[in-house]
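Protein chains: 2
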Amino acid sequence: MSAPGNGPVLALVGATGAVGGVMIDIINGRESVPWGEIRLIASPRSAGKKLTVRGAELTVLALAPEVFDGVDVAMFDVPDAVSAEWAPIAAARGAIAVDNSGAFRMDPEVPLVVPEVNADAIAVRPKGIIANPNCTTLSMMAALGALHREFGLRELVVASYQAASGAGQEGIDRLHAEIEAVAGKQLGARAGDVREALEAAGLSVEDTPFTAPLAMNVVPWAGSLRDGGWSSEELKVRNESRKILGIPDLKVSATCVRVPVVTTHSLAVHAVFGSEVTVERAHEIFAAQPSIVLVDDPAKGSFPTPSDVVGGDPTYVGRVRQALDFPTALDFFVCGDNLRKGAALNTYEIAEELAVRG
Amino acid sequence: MSAPGNGPVLALVGATGAVGGVMIDIINGRESVPWGEIRLIASPRSAGKKLTVRGAELTVLALAPEVFDGVDVAMFDVPDAVSAEWAPIAAARGAIAVDNSGAFRMDPEVPLVVPEVNADAIAVRPKGIIANPNCTTLSMMAALGALHREFGLRELVVASYQAASGAGQEGIDRLHAEIEAVAGKQLGARAGDVREALEAAGLSVEDTPFTAPLAMNVVPWAGSLRDGGWSSEELKVRNESRKILGIPDLKVSATCVRVPVVTTHSLAVHAVFGSEVTVERAHEIFAAQPSIVLVDDPAKGSFPTPSDVVGGDPTYVGRVRQALDFPTALDFFVCGDNLRKGAALNTYEIAEELAVRG
Numbered sequence: 016m017s018a019p020g021n022g023p024v025l026a027l028v029g030a031t032g033a034v035g036g037v038m039i040d041i042i043n044g045r046e047s048v049p050w051g052e053i054r055l056i057a058s059p060r061s062a063g064k065k066l067t068v069r070g071a072e073l074t075v076l077a078l079a080p081e082v083f084d085g086v087d088v089a090m091f092d093v094p095d096a097v098s099a100e101w102a103p104i105a106a107a108r109g110a111i112a113v114d115n116s117g118a119f120r121m122d123p124e125v126p127l128v129v130p131e132v133n134a135d136a137i138a139v140r141p142k143g144i145i146a147n148p149n150c151t152t153l154s155m156m157a158a159l160g161a162l163h164r165e166f167g168l169r170e171l172v173v174a175s176y177q178a179a180s181g182a183g184q185e186g187i188d189r190l191h192a193e194i195e196a197v198a199g200k201q202l203g204a205r206a207g208d209v210r211e212a213l214e215a216a217g218l219s220v221e222d223t224p225f226t227a228p229l230a231m232n233v234v235p236w237a238g239s240l241r242d243g244g245w246s247s248e249e250l251k252v253r254n255e256s257r258k259i260l261g262i263p264d265l266k267v268s269a270t271c272v273r274v275p276v277v278t279t280h281s282l283a284v285h286a287v288f289g290s291e292v293t294v295e296r297a298h299e300i301f302a303a304q305p306s307i308v309l310v311d312d313p314a315k316g317s318f319p320t321p322s323d324v325v326g327g328d329p330t331y332v333g334r335v336r337q338a339l340d341f342p343t344a345l346d347f348f349v350c351g352d353n354l355r356k357g358a359a360l361n362t363y364e365i366a367e368e369l370a371v372r373g
Numbered sequence: 016m017s018a019p020g021n022g023p024v025l026a027l028v029g030a031t032g033a034v035g036g037v038m039i040d041i042i043n044g045r046e047s048v049p050w051g052e053i054r055l056i057a058s059p060r061s062a063g064k065k066l067t068v069r070g071a072e073l074t075v076l077a078l079a080p081e082v083f084d085g086v087d088v089a090m091f092d093v094p095d096a097v098s099a100e101w102a103p104i105a106a107a108r109g110a111i112a113v114d115n116s117g118a119f120r121m122d123p124e125v126p127l128v129v130p131e132v133n134a135d136a137i138a139v140r141p142k143g144i145i146a147n148p149n150c151t152t153l154s155m156m157a158a159l160g161a162l163h164r165e166f167g168l169r170e171l172v173v174a175s176y177q178a179a180s181g182a183g184q185e186g187i188d189r190l191h192a193e194i195e196a197v198a199g200k201q202l203g204a205r206a207g208d209v210r211e212a213l214e215a216a217g218l219s220v221e222d223t224p225f226t227a228p229l230a231m232n233v234v235p236w237a238g239s240l241r242d243g244g245w246s247s248e249e250l251k252v253r254n255e256s257r258k259i260l261g262i263p264d265l266k267v268s269a270t271c272v273r274v275p276v277v278t279t280h281s282l283a284v285h286a287v288f289g290s291e292v293t294v295e296r297a298h299e300i301f302a303a304q305p306s307i308v309l310v311d312d313p314a315k316g317s318f319p320t321p322s323d324v325v326g327g328d329p330t331y332v333g334r335v336r337q338a339l340d341f342p343t344a345l346d347f348f349v350c351g352d353n354l355r356k357g358a359a360l361n362t363y364e365i366a367e368e369l370a371v372r373g
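Residue numbers (this note's numbering), protein chains in the order written: chain Z, 16 to 373; chain G, 16 to 373.
In case anyone wonders, no lab produced these hints; they're calculated from the structure. This list has only true hints and no planted wrong ones.
Because identical chains share one entry, a pair is satisfied inside a single copy or across any pair of copies.
Lysine to any residue pairs mimicking SDA-like chemistry, simulated, CA-CA at most 20 Å apart: (1) Lys-64 - Gly-32; (2) Lys-266 - Arg-164; (3) Lys-65 - Ala-79; (4) Lys-200 - Glu-185; (5) Lys-200 - Gly-217; (6) Lys-315 - Thr-226; (7) Lys-266 - Ser-290; (8) Lys-315 - Glu-221; (9) Lys-142 - Gly-85; (10) Lys-315 - Arg-241; (11) Lys-200 - Ala-33; (12) Lys-142 - Pro-103; (13) Lys-315 - Val-220; (14) Lys-266 - Ser-247; (15) Lys-266 - Val-294; (16) Lys-315 - Ser-247; (17) Lys-266 - Arg-169; (18) Lys-200 - Gly-326; (19) Lys-64 - Thr-31; (20) Lys-200 - Gln-184; (21) Lys-315 - Leu-240; (22) Lys-315 - Arg-210; (23) Lys-315 - Ala-302; (24) Lys-266 - Asp-340; (25) Lys-200 - Asp-323; (26) Lys-64 - Leu-76; (27) Lys-266 - Phe-341; (28) Lys-142 - Asp-122; (29) Lys-64 - Ala-33.
All chains should be modelled from the sequences, with the hints used to inform the complete structure.
Following this line, the structure appears as structure tokens:
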């Protein structure tokens, strides 16, 4: 598939990064792909590396304007600043850029797309750029989109249980190192004992991607500080949910909390709708959605947990309850792999949707 | 203090258990106590043990009707069934029973008390029994009580981050063993890899207090199954909050989730009030409350986390935000040691309040 053939040309920018690696796994795992050619692109530092994609060894190309010539769809899995500079260049060379960074998500001229929720939005892209949502927002979009179509979503109160890999490979390595530092010690009973154990193991508690110890702890912070004490992550959940679902006045309160889980974000969702909802009907809606796996039989210990669903593509939904004191509200718990559906998979699904639509 | 002297007689039933041990620490840590005598009581199996309380070595007495003779206040830190049988016996012998189990909390003839919220409720106790709330509910009561007095609480949406010690010493030991089993391995990337590591370390994943792996995971379940898919823990949060705050029609939705933290429960709280609220006024209210420590300067990385507050008596509150789309709502994050304020401390504070009131 990597040799020029019939079909559009796909480029992957950021092919050697953490999400880029998951992207290649996803492309390799597809039964078939619509692409006539696949180009791998990375910073000049990583150019020349060889990676195997669907059986063919591909040489990573250095990021430059010319590499986008002839490209139909260019997926960007790179930091915000790189996307901000290079996605418009790719678009100017004729590619449709599908960007997984935060650079364009709230740009009114850039659609923000989750294919099973608002696939049609990809058709209107005046800048030639389509954005992929933040991983925390994405984790609940398939479930909320399906419920919204039937009941009309009005309000959302969300608390997150976010994985370390949301902070990249650095976050994954840090959590593993912290768990090693606290293991075998009877910690967690006295204020500061975890912090001391990390320092004793040579882990700086100042210079960490999580601001505070994450092992044997939870950290109510993700992103950077915005007005009113809100974190950037919490505002993304609000603003991106509104844009994807097409509900500009959706009421949203989110509290984003990091937990000592390597990969897979979870969310406790309280969703208020315009009409009455039942657990039975919600179960039917979830069961009918191909990208959702319903795991909801607490009598048998059946509910989604991150360590049981990591590595998979679907959104896992469970603990569905009709809110006792809010007749039009549902409470539920959702888990989604933040590196797959939360990042690479959704970006790739947008790219395939573009290929299908021609 | 343990020899008969001037002052009322205090009994501690369950003196040799996990919460009982914390209770003795609390009694030993008080600057002064009002008691003329303290009696330690446990099951016949633990009777005869010697424990030091405020410098005096006390022999644990076997639970029997006669040990309550002459007792003014009897604190119960025992399982529900033991409380259900023995608190009425203590009351019949003339003691006021302060019970930390779930046996009497929703009994309309038993007050459910958090001293800084509803101390006056202890005066009306037709059964001679006063109940101490569930630890998850307790973690947010000081904060919500203070806000309710000024703004009038109407609705509550809560997601919990509950510690392993909520499941007792067995829960603490299990989490330590699980962390040891996963440490030093690159786990958390593939579904089931944590489960396999636990089994390889000889830890049954069927026979666990948490239903699912807790290390490198979060588990959206605590308690037992009730109607409509709700857990008993979630219904306690709803029903006990209503009773303590004296708001019978308070609207509550709670999702209770266990996290790999040894001790200290955290809660993400979305609270809707009857009148407009500001972060500034909420900060003033929290700062004026002796039992609350306000930790809320995210620009400096300042917010409460369990591992930084465990072992302390206060409730720690941070991440206070005016909800952007709900003009009368606040979002905040609260941490409280579930073995201290969440259990032993509040029970002891009720006992001292009784001693003060005579």
